[in-house]
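Taken in order, these protein sequences are the chains called A and B. Per my numbering: the first sequence ends with 447, consecutive numbering throughout. Per my numbering: the second sequence ends with 474, consecutive numbering throughout.
Hints listed in this document are in silico derivations from the structure and should not be mistaken for laboratory results. Predicted model only: the values in this text are computed from it and were never measured. Beta carbons are placed, not taken as given, at the ideal position from N, Cα and C, and that holds for glycine. Where hints are given, some of them may not hold.
Estimated spans, in silico, between C-beta atoms of each pair [said to hold, decoys possible]:
no., chain 1, residue 1, chain 2, residue 2, range
1, A, Thr94, B, Pro414, 37 to 43 Å
2, A, Leu188, B, Asp381, 33 to 39 Å
3, B, Pro460, A, Glu20, 54 to 60 Å
No farther apart than 20 Å at their CA atoms in a straight line, the calculated lysine to aspartate or glutamate pairs in the EDC-like style are these [said to hold, decoys possible]:
no., chain 1, residue 1, chain 2, residue 2
4, B, Lys27, A, Glu33
5, A, Lys76, B, Glu468
6, A, Lys76, B, Glu313
7, B, Lys27, A, Asp213
8, B, Lys315, A, Glu131
9, B, Lys315, A, Glu257
10, B, Lys315, A, Asp382
11, B, Lys27, A, Glu215
12, B, Lys394, A, Asp139
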Amino acid sequence: MPMGHTATEKAGSGGLTATEHRLANGLRVVLSEDHLTPVAAVCLWYDVGSRHEVKGRTGLAHLFEHLMFQGSAQVKGNGHFELVQGAGGSLNGTTSFERTNYFETMPAHELELALWLEADRMGSLLTALDEESLENQRDVVKNERRQRYDNVPYGTAFEKLTAMAYPEGHPYHHTPIGSMADLDAASLEDARAFFRTYYAPNNAVLSVVGDIDPEQTLAWVEKYFGSIPSHDGKQPPRSGALPDTLGGQLREVVEEEVPSRALMSAYRLPHDGTREADAADLALTVLGGGESSRLYNRLVRRDRSAVAAGFGLLRLAGAPSLGWLDVKTSGGVEVADIESAVDEELARFAAEGPTPEEMERAQAQLEREWLDRLATVSGRADELCRYAVLFGDPQLALTAVGRVLDITPEEVHAVAQARLRPDNRAVLVYEPTAADESADNDEEADR
Amino acid sequence: MSDATTREDLAMSEMTFHPQPRGGAPKPWAFPAPERGALPNGLTVLRSHRPGQQVVAVEVDIVAPLESEPEGLDGVATIMARALSEGTDRHDAEEFAAELERCGATLDAHADHPGVRVSLEVPASRLSHALGLLADALRAPAFPEGEVERLVRNRLDEIPHELANPGRRAAMALSKELFPASSRMSRPRQGTEETVGRIDAAAVRAFYAAHVRPAAATVVIVGDFTGIDVAAALADTLGAWQGSAAEPVAVAPITADDTGRVVIVDRPGAVQTQLLIGRIGADRHDRQWPAQVLGTYCLGGTLTSRLDRVLREEKGYTYGVRAFGQVLRSSAPDAPGGSTGASMLAISGSVDTESTGPALDDLWKVLRTLAAEGLTDAERDVAVQNLVGVAPLKYETAAAVAGTLADQVEQHLPDDYQAQLYARLAETGTVEATAAVVSAFPADRLVTVLVGDAAQIAEPVRALGIGEVTVVSG
């Protein structure tokens, strides 16, 4: 059965459009109408992430994100959560290397409430911020760190890989969760200074997507956000510039109580927003995305040396992106055996490039991932903010699929040759400690 | 305005505050009513057209309860489900995976207590091709010996990873503790090292032959069908699947021992304790279900619910604790054997090791206060507004709608169950919600599993008097 090159005629934009506006205080606003379901998504990206943090204060951007839910001038305590949920909405916030985002998805008739809430905290958070909420959220975030990283096998692998791939002193050397010591050290004054520096309307993009009346929405945005003063205290972030490649393999062996050996590695890849980044995404998909990829077929199906094997891409705009390989070994297989198999596959791919069938599969998979992201109003709102904040043009969100489909096999081949090589990676090897090997997991013992 | 202090003052003096806006009139929305039909081969079909949803979701429910796995072969349903996509009469395993990915499709299959579920997602324009692959997997799986053997080894390799995960380990320990040893519910859904090691291609083929047939299956298909002849696409693909008539599968009623007690799964040096506190309760056929959903939300549905209000937002003991009810298996009152279903009612989360005793103490105080004083009308109102109000958001994607429709089928519920649930939630009062949640989570009838450092947590937990404390190795 013949299949077209793209799954949709408009290559993913599905006929969506977006309009751009800017308030006098510098707040950029992106609106996109879609009346199929009576819901509206509000998304606010502040152009601040863990890359803006300074030595000794890692984790501050994320801790601060928690404080944004602790009340503002007209919103008491947990009111932000209570009001949104009470209106039938859902909400959250997240912090990454390059940005902090806050979002609400509302039944369409409750859109105005979400705008009012976001404006209230953008304009007046410090009137409500106190020592008590800082102490409480510091403990919550430390428990978040324990739950997601410290108390999970291999939980700190990403942190370790990042620290190797981006050198000491580089803004991406540490991850957004930060260190326990720095979380302990954060003071109320640090939090206040952080807000005053970064939480300004001219350092943010607001998108509203869904069943909206654009004129009415813009009038509400002007009403609630328009009087918040702009502020130019933000310093340009430290440069994330690095050579294209690591210039030599870095390696760390971790001996820990983990269930199996593992080989993980991080490759320096092109910056997000370039054709080369899209080409790298396709290369990683051919090599390690899904169950028809080269590494899956080699390690899991044929050699049977791995339980799972796959590549992921962390797209970054302000520093080289990161390609992350994760292989958990099967039974007693040695990491060296996995490593030589991986290197053979990388060398073969660098020599041959992708086959036409591999290109078709990789593009089809990335296309579906884009369709999934754009299938909800909140997904669309987030992507519009992303392209507005990181690349200055929200419209790029609506044409992203087309760009991935436009990449040629030659470009995929070229990026693989240049970047997916042993001298451009940080390697992390896990060797399980023998500690508990005698203990059968289901044996009971009274104590 | 470069002086930060000045800016704060300016912000205070310059920002114009407005009163909290009031919402407009809600726009009508209803949970989609699927069209129900059947193919000549006996396969039941539920379809729902969702404009704008370019990724179509297909769910196939196959009646093959874990309870019907042969003695000593726990995990055969899981291996069979996984093996469906490891080669067919038209493609070998690698080709099959490649063909699926050429459509931009994902295909997942897993086995749980009610049966086997196969889930396909694919862009609408490639639906027919992907349905053909799905049909091949169901109609003519090859179950090659080499592939089954590989899946068995792979599954054996996965087990240590699951045991190392505190959440998974807690769930296994709770099942083992709650259900009688003779019950399939007491044992891991995907089998143990011992049972999985016995599975081979012959066992997989036998399980397939006994359970997988169109007359014992339902397909749910949801998405934007503009320009697609869904009936023809289904007839050309799943319509070719043949099999004998379905025989009713009778399952035993679920029983559990919820005598209050504590099991600590020892993890020396763990920085947190994983909590899982549970018992069993009624399923969705019970009239109390909507009230229980409402009350459970008030207890622990979100970070402004009772548990997190104390454990997270006041004390900072946790990143979050949730209470929930999850149907294990369900059957209609008119099914052979009658209503035999149950749900797992549980509270789960993790707390730092040092706070384990104080956190459990507070958790029990929350339960006792709830039982003594009940919910407030304001709590009930907010919960109803949230649970009912989020429906249009929650069901924006085809996958979400298809998942719920397939759950309804699997649990022998009518196709309008979810739509009716919203109506019933809106009618449920504070008193009913209180009664339901208090009887769902009685402070003295809860089995507590703690995965954590026994040397540090056992004594403080014993001091709480929430039941006998047993320590097992991690």
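What hint numbers does the structure not satisfy? 5, 9, 10 and 12
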